[in-house]
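FYI, our numbering numbers position 236 of the sequence shown as 236, with every residue one higher than the one before it.
No lab work stands behind these hints, which were simulated from the structure alone.
You may find that some hints are simply not true.
[To be verified] Just the calculated beta-carbon pair ranges, DEER-fashion: (1) Phe-121 x Asp-254: 30 to 38 angstroms; (2) Phe-121 x Glu-79: 19 to 27 angstroms; (3) Arg-186 x Arg-52: 47 to 55 angstroms; (4) Arg-249 x Gly-58: 54 to 62 angstroms; (5) Asp-30 x Asp-254: 36 to 44 angstroms; (6) Gln-239 x Ala-123: 38 to 46 angstroms; (7) Lys-14 x Ala-103: 21 to 29 angstroms; (8) Gly-271 x Ala-64: 34 to 42 angstroms; (9) Glu-79 x Ala-244: 44 to 52 angstroms; (10) Arg-249 x Ala-82: 49 to 57 angstroms; (11) Arg-235 x Glu-79: 51 to 59 angstroms; (12) Gly-20 x Ala-64: 25 to 33 angstroms; (13) Arg-52 x Ala-244: 46 to 54 angstroms.
[What the hints assert, rightly or not] Straight-line alpha carbon distances no greater than 27 angstroms define the calculated BS3-like cross-link-like pairs of lysine-lysine that follow: (14) Lys-263 x Lys-275; (15) Lys-214 x Lys-180; (16) Lys-25 x Lys-3; (17) Lys-25 x Lys-14; (18) Lys-263 x Lys-214.
Built from N, CA and C at the ideal position, the CB exists for glycine as well.
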Amino acid sequence: MEKAITENQACFWKARQMDGVYLFKARFRDFVYARHTHNEFAIGVIERGTQRFHHRGGTHLAPARAIITVNPDEVHDGEAAATAGYQYRMSYIRPDIVTEILAGFDGPACPAGCFRTPVTFDAEISGRLHRAFLMLENEQNSRLESQSLFIDAITDLFRRHASPRLPESQIRRDRTLVRKACEFIRATATENISLEEIARVAGLSRFHFLRMFKATTGLPPHAYLIQQRVEIARRAIEQGSPIADAALRAGFSDQSHLNRRFKAIHGITPGQYQKAIRF
Numbered sequence: 001m002e003k004a005i006t007e008n009q010a011c012f013w014k015a016r017q018m019d020g021v022y023l024f025k026a027r028f029r030d031f032v033y034a035r036h037t038h039n040e041f042a043i044g045v046i047e048r049g050t051q052r053f054h055h056r057g058g059t060h061l062a063p064a065r066a067i068i069t070v071n072p073d074e075v076h077d078g079e080a081a082a083t084a085g086y087q088y089r090m091s092y093i094r095p096d097i098v099t100e101i102l103a104g105f106d107g108p109a110c111p112a113g114c115f116r117t118p119v120t121f122d123a124e125i126s127g128r129l130h131r132a133f134l135m136l137e138n139e140q141n142s143r144l145e146s147q148s149l150f151i152d153a154i155t156d157l158f159r160r161h162a163s164p165r166l167p168e169s170q171i172r173r174d175r176t177l178v179r180k181a182c183e184f185i186r187a188t189a190t191e192n193i194s195l196e197e198i199a200r201v202a203g204l205s206r207f208h209f210l211r212m213f214k215a216t217t218g219l220p221p222h223a224y225l226i227q228q229r230v231e232i233a234r235r236a237i238e239q240g241s242p243i244a245d246a247a248l249r250a251g252f253s254d255q256s257h258l259n260r261r262f263k264a265i266h267g268i269t270p271g272q273y274q275k276a277i278r279f
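Construct the entire structure; sequences and hints are all you get.
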């Protein structure tokens, strides 16, 4: 059994990696929100406990792993549903950013009243959103990976759960533009590059570029970047570099980060690889 939350704590900040997005995390035992609205889409994930709130004349419960999906200008409040309290993370996204993210889908852009219900149950997207929130919280993380994870999760949330449901667009594939982007990623693989920088090379918006890159290569750009970093580290190990040095040379934050990424691609750890090539 989880320990009850014993105090009220909250933190709000601007997402440095994502224009037009603010982030919030809190754990509340007995704090009660007054009735209020937001100018932005309020999208978040309950981490533990259950939140209770009133919205559109009804009372709603959001348990752990539920997704909060409140449209701009909709009145709501909020409190713990039980004495154990609750803990959650939120993002507040300007409507013009949502419109830009969804540009390119067939049919009209999603209106401000996209979500029919303020609580959405989708375990797969909930997990992806939560991971994106954790990535965005630490500014030392890869900007490209943080941005890609967040945009992908938000896009699929709207695509699956907006009303009317957004149809899948026919994404144009352009191998010439993607090849230019790949060349740029390889040339700057050890740097903390952003989605905007790569999209600028291709002459596209960051959101259009993200969809085109995935459609053309089968990988999101941050996964392609990680592969390049792993290859740089692998070559450094072959040349005799200690694994910790190889990790830093390749742009990883530390050796453990390289270990996870290397094994995910090669099926063995850098240490196992180092031993194998010595014989």
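- Straight-line Cα separation of Lys-25 and Lys-3 no greater than 27 angstroms? Status holds; Cα separation ~18 angstroms.
- Supplied distance hint 34 to 42 angstroms, evaluated on CB atoms of Gly-271 and Ala-64: holds, 37 angstroms
- Message: Given the hint of 25 to 33 angstroms, is the C-beta distance from Gly-20 to Ala-64 inside that range or not?
- Response: holds, 28 angstroms
- Item | Satisfaction of hint between Lys-214 and Lys-263, Cα-Cα up to 27 angstroms | holds, 22 angstroms
- Arg-235 paired with Glu-79, Cβ distance criterion 51 to 59 angstroms: holds, 55 angstroms
- Hint says 36 to 44 angstroms; check whether the CB-CB distance for Asp-30 and Asp-254 agrees. holds, 39 angstroms
- Message: What's the verdict on Lys-25 and Lys-14, does the C-alpha distance respect the 27 angstroms limit or exceed it?
- Response: It holds: about 12 angstroms lies between the C-alpha atoms, which stays within 27 angstroms.
- Determine whether the Cβ-Cβ distance between Lys-14 and Ala-103 falls within the hinted range of 21 to 29 angstroms. With a Cβ separation near 23 angstroms, Lys-14 and Ala-103 satisfy 21 to 29 angstroms, so the hint holds.
- Return holds or violated for the Cβ distance of Glu-79 and Ala-244 against the range 44 to 52 angstroms. Hint holds: Cβ distance 48 angstroms, inside 44 to 52 angstroms.
- Task: Note whether the CB distance of Arg-249 and Ala-82 lies within 49 to 57 angstroms or breaks it.
- Result: holds, 50 angstroms
- Task: For the pair we were handed, Lys-214 and Lys-180, check the Cα-Cα distance against 27 angstroms.
- Result: holds, 14 angstroms
- Query: Should the hint that Phe-121 and Asp-254 are 30 to 38 angstroms apart at their CB atoms be regarded as holding?
  - Reply: holds, 36 angstroms
Taken one by one, the earlier hints all hold for this structure without exception.
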